[in-house]
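Need the complex rebuilt from these two chains, each delivered in its own frame; the hints are there to steer you.
Protein chains in written order, with the working numbering: chain S, 1 to 204; chain D, 1 to 416.
Hint data in this document are derived by calculation from the structure and do not stem from the laboratory.
Any given hint might turn out to be false.
Said to hold, decoys possible - With a straight-line cut-off of 20 angstroms between C-alpha atoms, the simulated SDA-like cross-links for lysine to any residue are:
#1 D:Lys97 - S:Pro173
#2 D:Lys137 - D:Gly347
#3 S:Lys81 - D:Asn94
#4 D:Lys97 - D:Pro370
#5 S:Lys81 - D:Ala5
#6 S:Lys81 - D:Arg71
#7 D:Lys318 - D:Tyr287
#8 D:Lys97 - S:Asp185
#9 S:Lys114 - D:Lys336
#10 S:Lys153 - S:Gly174
#11 D:Lys336 - D:Thr103
#12 S:Lys114 - D:Asn371
#13 D:Lys97 - S:Gly110
#14 S:Lys114 - D:Lys137
#15 S:Lys190 - S:Pro173
#16 S:Lys114 - D:Arg71
Claimed, not checked - To be clear about the criterion: a stretch of chain S counts as covered by chain D if any three or more of its residues have a C-beta under 8 angstroms from a C-beta of chain D, and this derived list gives those stretches:
#17 39-49
#18 76-87
#19 115-127
#20 195-202
Beta carbons: idealized from backbone N, C-alpha and C, even for Gly.
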Amino acid sequence: MNEGLRSELSKQGVFTTTLQELYNWGRSNSVWPLNFGLACCAIEMIAASMARFDISRFGSEVFRPSPRQADLMIVAGTVTKKMAPLVVRLYNQMPAPKYVIAMGACAISGGPFKQGYNVLKGIDRYLPVDVHIPGCPPRPEALLHALITLQEKMRGEPLAGPAPARHADPSAPGEYPVPAYGPYDLTPAKNDELWRPAPLPRGE
Amino acid sequence: MKREADEQELMGALSTGDVSPDQPPWHIASPQPLPAPYELKPMPSGTAGLEGEVIEVSIGPHHPSTHGVFRMDVVLDGERVLRLKPVFGYLHRNHEKLGEQGTYLSAMPFTDRLDYFCSLTNNWAYALAVEKLAGLKVPERAQYLRVITAELTRVLNHACMIGFLLQELGAMGTPLMYAFREREKILDLFEALTGSRMMCNYLRFGGCRCDLPPGWAEQCARVVAGLPRFFDEFERLLATNEIIMARTQGIGVLPADLAISAGVSGPGLRASGVNYDVRKVDGYGIYPRFEFGVPLGGHGDVYDRYMMRMLEMRESVKILQQALRDLPTGPVIDPKARLRNFRPPGGEAYGRLEAPKGELGFYLISDGGPNPYRYRIRPPSFINLTVLEDLCVGHTLMDAVVILGSVDIVMGEVDR
Numbered sequence: 001m002n003e004g005l006r007s008e009l010s011k012q013g014v015f016t017t018t019l020q021e022l023y024n025w026g027r028s029n030s031v032w033p034l035n036f037g038l039a040c041c042a043i044e045m046i047a048a049s050m051a052r053f054d055i056s057r058f059g060s061e062v063f064r065p066s067p068r069q070a071d072l073m074i075v076a077g078t079v080t081k082k083m084a085p086l087v088v089r090l091y092n093q094m095p096a097p098k099y100v101i102a103m104g105a106c107a108i109s110g111g112p113f114k115q116g117y118n119v120l121k122g123i124d125r126y127l128p129v130d131v132h133i134p135g136c137p138p139r140p141e142a143l144l145h146a147l148i149t150l151q152e153k154m155r156g157e158p159l160a161g162p163a164p165a166r167h168a169d170p171s172a173p174g175e176y177p178v179p180a181y182g183p184y185d186l187t188p189a190k191n192d193e194l195w196r197p198a199p200l201p202r203g204e
Numbered sequence: 001m002k003r004e005a006d007e008q009e010l011m012g013a014l015s016t017g018d019v020s021p022d023q024p025p026w027h028i029a030s031p032q033p034l035p036a037p038y039e040l041k042p043m044p045s046g047t048a049g050l051e052g053e054v055i056e057v058s059i060g061p062h063h064p065s066t067h068g069v070f071r072m073d074v075v076l077d078g079e080r081v082l083r084l085k086p087v088f089g090y091l092h093r094n095h096e097k098l099g100e101q102g103t104y105l106s107a108m109p110f111t112d113r114l115d116y117f118c119s120l121t122n123n124w125a126y127a128l129a130v131e132k133l134a135g136l137k138v139p140e141r142a143q144y145l146r147v148i149t150a151e152l153t154r155v156l157n158h159a160c161m162i163g164f165l166l167q168e169l170g171a172m173g174t175p176l177m178y179a180f181r182e183r184e185k186i187l188d189l190f191e192a193l194t195g196s197r198m199m200c201n202y203l204r205f206g207g208c209r210c211d212l213p214p215g216w217a218e219q220c221a222r223v224v225a226g227l228p229r230f231f232d233e234f235e236r237l238l239a240t241n242e243i244i245m246a247r248t249q250g251i252g253v254l255p256a257d258l259a260i261s262a263g264v265s266g267p268g269l270r271a272s273g274v275n276y277d278v279r280k281v282d283g284y285g286i287y288p289r290f291e292f293g294v295p296l297g298g299h300g301d302v303y304d305r306y307m308m309r310m311l312e313m314r315e316s317v318k319i320l321q322q323a324l325r326d327l328p329t330g331p332v333i334d335p336k337a338r339l340r341n342f343r344p345p346g347g348e349a350y351g352r353l354e355a356p357k358g359e360l361g362f363y364l365i366s367d368g369g370p371n372p373y374r375y376r377i378r379p380p381s382f383i384n385l386t387v388l389e390d391l392c393v394g395h396t397l398m399d400a401v402v403i404l405g406s407v408d409i410v411m412g413e414v415d416r
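Chain D with its partners taken away, still in its complex shape (with noise of 0.2 angstroms):
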C-alpha cells in the first residue's frame, strides 16, 4: 500500500548499486543489469552446461547474527551472494524529531541512545556542536575527564565488536566473554562516574556533570595498565588463528577509492588505507597534545578491519595513560554556562568528532530559541553500512555476515 510503496521508493534512492567496484569478484556479472524477473546465470564455477537458478532470501530482521533489527535481501546464486539490500528503519525512534522538539539539553540523554555501546562519544559530539553553537569554552579539567571516558569507551566498543565479530565465525562465548569481561571493569568506572552503566549522560554544554568520585582516577589508572594484558591476551587468541585468516583474509575488500566516494569513516576507511582520523585532523578538544598513532591497514579486508580495532585500542591505551598522568584540577564546567534557560544565538554549526565506529557529526541550526531548529546527525554506523553491497557481491552467504560484522553497526545510530 503506501506505506510500502513509500518504502521501496526510499529504499530505491539509497541503493549503493551506482558505487560498485569496477571489477566485480569472481567474475560474476555486476548487480546493475540484473533485471527484477532475474535471468539464469551460469555456475561462476564454469561447469559448463550446468545452470542455476537464483533466489531471493530476506535474512532478518530476527536474525542472530544482524546486530539488531536489520534486515538484509540477498539474491543467491547457490551459496554466492548477486545482490543485496540493506532493509532498515526497525528501530527508527524519531530521535531527530524529539531532539527538535525539547530543549537543547533535553537532547542529551536521547545522544546516549543513539550508539548504545558509545554513549560517552556521543554526549561529546554533541556537545562539541552546541559549544559551536554558543561560544562556549571547556575548562581544562573537563577537557581531560571528556578524552579519558572518550577513549575508554572505544576501548570499550572495539573489544565488543571484535567480540561479536568472532561469534559470527563462529566461536560461540569464549572471545565474546574475554570482551565482556573488560567492558564490566570499564562499566564500573562510569558507573562510578556517573551513576549508569550504558546511558551515562555525563557531559553538558561547557564542561562535565560533576567531578571524579574520591579514588576513581586510581581505579582507572589500574583497569588501564591491566589492559596490555588483555590485548595480548586477545592477540594471542586471534590474531594468527588458522580459521580466523582463513575466514577474514581477503574476504570483503572494500578499495580505498570506494570507500572514500562512498564517505566510510572510522576503522573502517583507515583499514583501507587512507590516513584519515578526525582525532588527528580536526585536533578537537585536547587531541594535539597527546602523542598517539593512527593506525593504517593494507588490504582493506575483514581481517584488517579486525585488526584495526586491535591497534586503535592499543593507541586508545597510550592517550589514557598521557591523560590519567595529565589530568588538571581545576573546575569542570564553565561558571558562565546555563543549564536552564539556554538560548544559544542564531546560527548553525557542525560538530565531529572520531567515534569509535567513525565519524560522528551533529548538524545544528538555532533560530535562537530554547530548542534547535533543525537537527540532524550524521550517523558513522548508517554511512558505513552503503557499502555493505559493495564488500558482499562475489562472497558466500556466510561471510556476508562475517563482512557485516566487520563494518560495525548500531541499529540504535543506523536507523536512529
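Next comes chain S alone, as it looks inside the complex (with noise of 0.2 angstroms):
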C-alpha cells in the first residue's frame, strides 16, 4: 500500500498496518531484559527500574533472572576473562529474537580497566551488540534512551525480504562461539564474523 492511499485512509478513520508493522510493534513494547548486572552499571540499571526514572513506562520493568525469557541482555558492567564464556553462553541461551545492548565504557571497550590484563576489550568481540551507551557508568536516562533507540529499531526490522533482521534470517547464526581458557588468554580472542574494526589509517 502507497503512502498517499494509506494517510487518505487514516485521514477517514480507517487504520491500516501490514503484519510486519504489528508484529514489530507488539514486540518493540515489551522488551524483557535478562537480570544480569556484571559491575557497576547494574545499579545504575536497577536505578532505572526504580521509582524515579521507571522503565516501566517503556514495557521493560519484567526483569527475568532465567535466560531462558529473556529478550534482551543488557550487559552492565565490566566483562572479564573469568567471566567472559558465561556471558556468551548466557546469551547463547536466550531463545530469538534476542538483542544486547552494552552498558558502560567497560562493555563497549574496556573503559577505564582497559589496560587490566584480565579485562575483555568489549563485549562486542563475541556478541552482536544493538546499542552501545557511553558512560560510567551511564545514567538511567541513558538506559532509557538506549531502551527506545532498540525500538525503534525493533520497530524497522524487514521480517523478509533481502536482507530481513537477524531472527528471520535463516543463515544467520542463533548461537555464537563460546570462547575458552587457553594457556595465556581466551581462545579465539575475538569472533572474527563479528568483530571487524575499521583499518587504521597510517601515514598519509
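Okay, here's the thing in C-alpha cells:
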C-alpha cells in the first residue's frame, strides 16, 4: 500500500497496518531484559527500574532471572576474561529474537580498566551488540534512551525480503561460539565474523 | 588445565574450613572430615533408616541473589548446606596493578569503582593513606566536607543494603523502592557537588576538589531533616514484620570470637557485640569532635546485622546535623598540595577508615617516584565474606541467600 492511500485512509478513520508492523510494534513494547548485572552499571540499571526513572513506562520492567525468558541482554559492567565465556553462554541460551545493549564504557571497550590484564576489551568481540551506551556509569536516562533506540530499531526490522532481521534470517547464526580459557588468554580472542574494527589509517 | 589448577590451588588456600565454630548447629558433622567423594550421612532430623544423598550445586555467577558475579559451590543434604565454597574473581579488574602503573592521583578514579555504592569513603581512605605518606594537612572546611559526604554515603549504602536484603527475603520491590527513593535524593546532592552520581572522584590529597555550590548546604540540611521520617517508615514496615523476624532471627549466627579471629569488621562485627568502630578507635579526620553512639548487637544473627544498619543510619544523621551546623568557611584544599608532579617521599603508610561495609584500608609503599611502588587494598567486603561458610553451614539454602545478603558484599571490592 502506498503512503498516500494510507494517509488518506487514516484521515477517514481507517487504520491500516501490515503484519510486520503489527508484530514489530507488539514485541518492541514488551522487551524483557535479563536480570543480569556485572558491575557498577548494574546499580544504575536497577535505579532505572526504580520509582524515579521507571523503566516500566517503556514496557521493560519485567527483569527475568532466566535467559530462557528474556529478549534483551543488558551487559551492565566490566566483562572480565573469567566472565566472558559465561556471558556468551547466557546469550546463546536466550531464545530468538534477542538483542544486546552494551551499557557503559567497560562493556563497550574495557573503559577505564582497558589496560588490565584480565579485562575483555569490549563485549562486541563475541556478541552482536545492537546499542552501545557510553558513560561510566551511564545515567539511567541514558539506559532509557538506549531502550528507545532499540525499540526504534526493532520497529524497522524487515521480517522477509533480501535483508531480513537477524532472527528471521535462516543463514544468521543463532548461537555464537563460546570462548575457552587458553594457556594465556581466551581463545579465540575475538569472533572474526562479528568484530571487524575499521582499519586504522596510517601515514598519508 | 593450568588456569584451573591455579584457581584450585588459590581457592584451597582461601578455604575457611579451619575456623569453623566449635559446635556446628543442627548437629551436622563438621565440614572438615568430609572427603572429596562424599559419604552418605543420615538425615539430620533423625528419621531413622532413611539415608540422604548429598548433591553439589553451583549457584551463580549469574544468579539474581548473589549480588553481582559471585558463585557459591554448595554441597547440600536435602535442603541443608553441608559445605559452601565461595568462588570469586569474576570481576577482577586489576585495580592494584593499575594503581601501581599510574601516578598517585590517577588511582583516585579507580577507587570510586571499588565499592561502587560508596565512592566517597573509598576516596577518603586512599586520600588518608597518601596524606599520611606525604605529610599533608587538610583544611578545616575540607574535613567537614569529607565527614558530610562520608556519612551521606553511609546512609545511602545501608538503605540500599537493607533493600537488597529484603529483596532476597522475597519482598520484591517495595523496600528497595523506598531505599532507592532516598538514594536518589542523596545522589542529587552528590551530583550537584561533584558532577557525577556514582563515581564522585571528589577528594584530593590535602583537601577536596571544589567548594560547595550555592545552596548545597541548605539542600543537604533539608534532605538530612527528612531522613528520620524515612527511617521511621522503614522500621514500621520492617522491624517487627513477622516474616522478617522468622526468617532472620537465629539465622547465620556469627560468634564474637570467630568474628574477631576472621578479621570481620564493620556492622557485621558490631552485630556480634564487639565494640570496634574505626571512627572511635582511630579518630581519623575530625570524628572525635562529634557526638555519636556505636550501636552494638547481642546475637550476631541476620536480624542483628539488619538492625545494626538501621541504628547506624540514625547515628549518621546525628553526625550530619552536627557537621552541617559547625561547617566553617575557608579554603577546601591545602594551598601547598600539588596535584601535578606529586612525589611523596619514600616510605610506607597504611590509611584506614570505617567504610559503610567495614574497615577499608589502603597500604602504600613509596620509593620517591611519581607512582606507588606497592598499592594494596584491604577490602572489608572480601574479608567479611570469608566467614560465609561458617555462617551458612547447617542452614537451608534459602537462608544461605539471606545470610549472603546480610554480609553486604559488593563484588567490585571483593575481586578488585
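Comparing the hints with the structure gives:
1. D:Lys97 - S:Pro173: violated (38 angstroms)
2. D:Lys137 - D:Gly347: With Cα atoms ~18 angstroms apart, Lys137 of chain D and Gly347 of chain D stay inside 20 angstroms; holds.
3. S:Lys81 - D:Asn94: Holds. Lys81 of chain S to Asn94 of chain D sits at ~12 angstroms (cutoff 20 angstroms).
4. D:Lys97 - D:Pro370: Status holds; Cα separation ~15 angstroms.
5. S:Lys81 - D:Ala5: holds (17 angstroms)
6. S:Lys81 - D:Arg71: With Cα atoms ~16 angstroms apart, Lys81 of chain S and Arg71 of chain D stay inside 20 angstroms; holds.
7. D:Lys318 - D:Tyr287: holds (12 angstroms)
8. D:Lys97 - S:Asp185: Given pair Lys97 of chain D, Asp185 of chain S holds - Cα atoms ~18 angstroms apart, limit 20 angstroms.
9. S:Lys114 - D:Lys336: Violated, at roughly 33 angstroms.
10. S:Lys153 - S:Gly174: With Cα atoms ~19 angstroms apart, Lys153 of chain S and Gly174 of chain S stay inside 20 angstroms; holds.
11. D:Lys336 - D:Thr103: Judged against 20 angstroms, a Cα distance of about 18 angstroms means the pair holds.
12. S:Lys114 - D:Asn371: holds (19 angstroms)
13. D:Lys97 - S:Gly110: holds (16 angstroms)
14. S:Lys114 - D:Lys137: Not satisfied, since the Cα-Cα distance of roughly 34 angstroms exceeds 20 angstroms.
15. S:Lys190 - S:Pro173: OK: Lys190 of chain S and Pro173 of chain S at ~16 angstroms, within 20 angstroms.
16. S:Lys114 - D:Arg71: With Cα atoms ~24 angstroms apart, Lys114 of chain S and Arg71 of chain D exceed 20 angstroms; violated.
17. 39-49: With 7 residues in contact (Cβ-Cβ under 8 angstroms with chain D), the coverage given for the stretch 39-49 of chain S holds.
18. 76-87: holds (count 6)
19. 115-127: Since three or more residues must qualify, the claim that chain D covers the stretch 115-127 of chain S holds, with 5 doing so at under 8 angstroms.
20. 195-202: violated (count 0)
In summary, the numbered hints that this structure violates are 1, 9, 14, 16 and 20.
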